[in-house]
Amino acid sequence: MKSRWAGLIIPVAIVVVLALMPTFVNNYWLRIATGALMWAGLACSWNMLGGYAGYINFGQSAFFGLGAYTTALLMGDPINLPFFVTIPAGIAVTAICAVVVGGPTLRLRGAYFAIATWAFAEALTQFANVMNFTGGIGGLNLPPFLNERFFYYTMVGAAVLTYLITWALFEHSRFGLKVKALRDHEAAAEAMGINTSLVKLQTFVLSAVTASVFGAIFAYWVTFINPKSVFGGDITDQMVVMVLLGGLGSLRGPAIGGVGLFVINRLIWMHWGDTAFYIAILGAAIVLVVLFLPDGIAGLFTRRSTKSGTVLDKAVGKLVGGGEGGRG
Amino acid sequence: MASTSSPQSGSAPENRASDAILAVRDLYRHFGGIKAANGVTLEVGRREIAGLIGPNGSGKSTLFSLVAGTVKPDSGQISFDGHEIAGMNAHRIARLGLARTFQIPAMFDNMTVTENLLAAAAQGHWHGAKERAAETLALLKLEPVAENRASDLSGGQQKLLEFGRVVMRQASLILLDEVTAGVHPNIRKIILEAIARLRERGISFLIIEHDMEMVRNVCDRIIVMDAGRVVTSGAFEDIVRNSEVMQTYLGRPQ
Ligand SMILES: Nc1ncnc2c1ncn2[C@@H]1O[C@H](COP(=O)(O)OP(=O)(O)OP(=O)(O)O)[C@@H](O)[C@H]1O
Ligand SMILES: [Mg+2]
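Top to bottom, those sequences are chains A and B.
Going letter by letter, the first sequence gives residues 43 to 370 in our numbering.
Going letter by letter, the second sequence gives residues 2 to 255 in our numbering.
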């Protein structure tokens, strides 16, 4: 009983801090907070499939970019739709693309899916580069709306919603049990009646759609997008590192990793005016996590063993094949 | 070597198909040059507990994987509870009421023992799953490790959890692959009692077992496999008296 209330203290404190943030920081820091929330949300979106289902997506930026471009195209001339109407449109476009990319490839070993998602993001980048309606390399402008509080609170809403959906769906429902079961042993999950292909696809669509919502908010926020800024592979790279560092397949890990790494990135930028150093930190972080912290930072606070078969092992196993198989 | 599976009762072959919950006909599957299933034909009756014995590598576990849809057959028919299931996806076969254990425990490593049990009920058997999981934990004496990760269990505990997961499913036919191997005699007794109770509820079993004592105690009928096919089947005493079968067994490292 007591611990239940204790468990509520931190979430309530976080909500209060998030709600009051604009009253005690200036616009500069409010922008950093907005960015941190976006990256926390994106890391959570990648973790839905990568962490809970064990399927590594190397093209998540494709869906971030689809959300961004859909919003930019629909808000710009000649369509001029209001911002919040463009979000469901981006979700629809993204869901269709995720089904087309994931439907055939999620049935296979994880490597096929990883390559397909990566290739899809690359193809979209090239497509946006050469097409007229996407503005080519020059990109698209959106109607400027210079209200930092609006974007901050919109990002809070999206990030908190993403977190709550993850909590409810992956940690507290039958669906989450099915997803984790197929991550840990696909053949055994199938033998229990779980349609693993379908559950993987549902998870992938949810993950992709979540990223697209952040893409939509991002586009309106920065008022200008181009293929590199929303489809770029470095966007996916960041999500992957944030999740690995925070804790693959954990609820809090990706949020911690997302906020932490983004704030570090901005601090480095402020002190050195350059983020080359940040890339070195990312590389070192990956090596350290893989070697010493398979459960990430979140794993430090939970009683988890590293005896065998960690979530990282499972995801790598799906990527390179081997592991379970149909024997025995 | 005779390849006939002789039905032990005198009923007409046409009728047997309808009272069998599982009927396998001429099932083939090879892995490279190995003919793991080389024309398997067998039946399991309703409410029957059939034992499947045979030397190492004779294709017993492969037969389970073929029936459960984990491995696809090259050819042959499998009829389960009136459905033709050969080549069907494993999850669809499972939803028709088939449950199986894996010889090498197929744990959901990063989930707790309780979550492993709940996951087994997540598809279609959810009502009352939490209570059934608690009962199953108590039955198999797994309560002390209920919140441990499955990968941290001992080998014997993983075997128990493997059994516990099929108990969580509401199946009409359960395939058990050496489920008591390496399990403490006291717990083994508990598993045998659980099997007897499930059979009273109308559940049929096909059980792979190397322990002849257990085979004698629980199985109504024994099916003997060798080199990917069924050699013979019948009552335990008849099988033991059959010298050819015992020959087959002598080749097995004890
Ligand atoms: N996935 C697979 N790939 C390659 N060969 C396989 C595979 N599964 C089974 N085999 C081979 O098929 C043969 C039958 O194996 P199976 O596991 O069915 O035997 P078994 O009767 O269960 O033996 P045991 O009593 O040792 O468990 C063996 O020679 C085995 O090596
Ligand atoms: Mg076997």
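Some hints could be false.
Some chain B residues well away from chain A (every beta-carbon gap over 12 Å; in silico) [what the hints assert, rightly or not]:
| # | residue |
| --- | --- |
| 1 | Tyr29 |
| 2 | His31 |
| 3 | Val72 |
| 4 | Gln78 |
| 5 | Gly83 |
| 6 | Glu85 |
| 7 | Ala91 |
| 8 | Arg96 |
| 9 | Pro106 |
| 10 | Gly157 |
| 11 | Arg166 |
| 12 | Arg198 |
| 13 | Asp212 |
| 14 | Met215 |
If you anchor each label on the Cβ, the simulated ranges turn out as follows [stated by the list, open to error]:
| # | chain 1 | residue 1 | chain 2 | residue 2 | range |
| --- | --- | --- | --- | --- | --- |
| 15 | A | Ile56 | B | Ala135 | 41 to 47 Å |
| 16 | B | Asn90 | A | Trp71 | 16 to 22 Å |
| 17 | A | Gly145 | B | Ala135 | 48 to 54 Å |
| 18 | B | Trp127 | A | Gly178 | 48 to 54 Å |
| 19 | B | Asn90 | A | Lys270 | 52 to 58 Å |
| 20 | A | Leu206 | B | Trp127 | 21 to 27 Å |
| 21 | B | Arg217 | A | Leu330 | 24 to 30 Å |
Derived by calculation from the structure, the hints in this document are not laboratory data.
Just so you know, even glycine gets a beta-carbon here, dropped at the ideal spot from N, CA and C.
Interface-negative label, B/Asp212 against chain A, beta-carbon threshold 12 Å: holds (18 Å)
Check on B/Glu85 being off the interface with chain A, judged by Cβ distance over 12 Å: holds (18 Å)
B/Arg96 non-interfacial with respect to chain A [C-beta, more than 12 Å]: violated (5 Å)
Consistency of the no-contact label for B/His31, given chain A and a CB cut of 12 Å: holds (14 Å)
12 Å Cβ clearance of B/Tyr29 from chain A: holds (16 Å)
24 to 30 Å as the expected CB spacing between A/Leu330 and B/Arg217, which holds or is violated: violated (57 Å)
Hint check for B/Ala135 and A/Ile56 - Cβ pair distance inside 41 to 47 Å: Violated, at about 33 Å.
12 Å Cβ clearance of B/Met215 from chain A: Nearest chain A Cβ is 20 Å from B/Met215, so the label holds.
Claimed clearance of chain A by B/Ala91, with the beta carbon kept past 12 Å: violated (4 Å)
Beta-carbon spacing of B/Asn90 to A/Trp71 - inside the hinted bounds 16 to 22 Å or not: violated (53 Å)
Cβ separation check - B/Gly157 to all of chain A, threshold 12 Å: Per Cβ check, B/Gly157 is outside 12 Å of chain A; nearest 16 Å; holds.
Least C-beta distance from B/Arg166 to chain A larger than 12 Å: violated (7 Å)
Comparing the model with each numbered hint stated earlier shows that hints 3, 7, 8, 9, 11, 15, 16, 17, 19, 21 do not hold.
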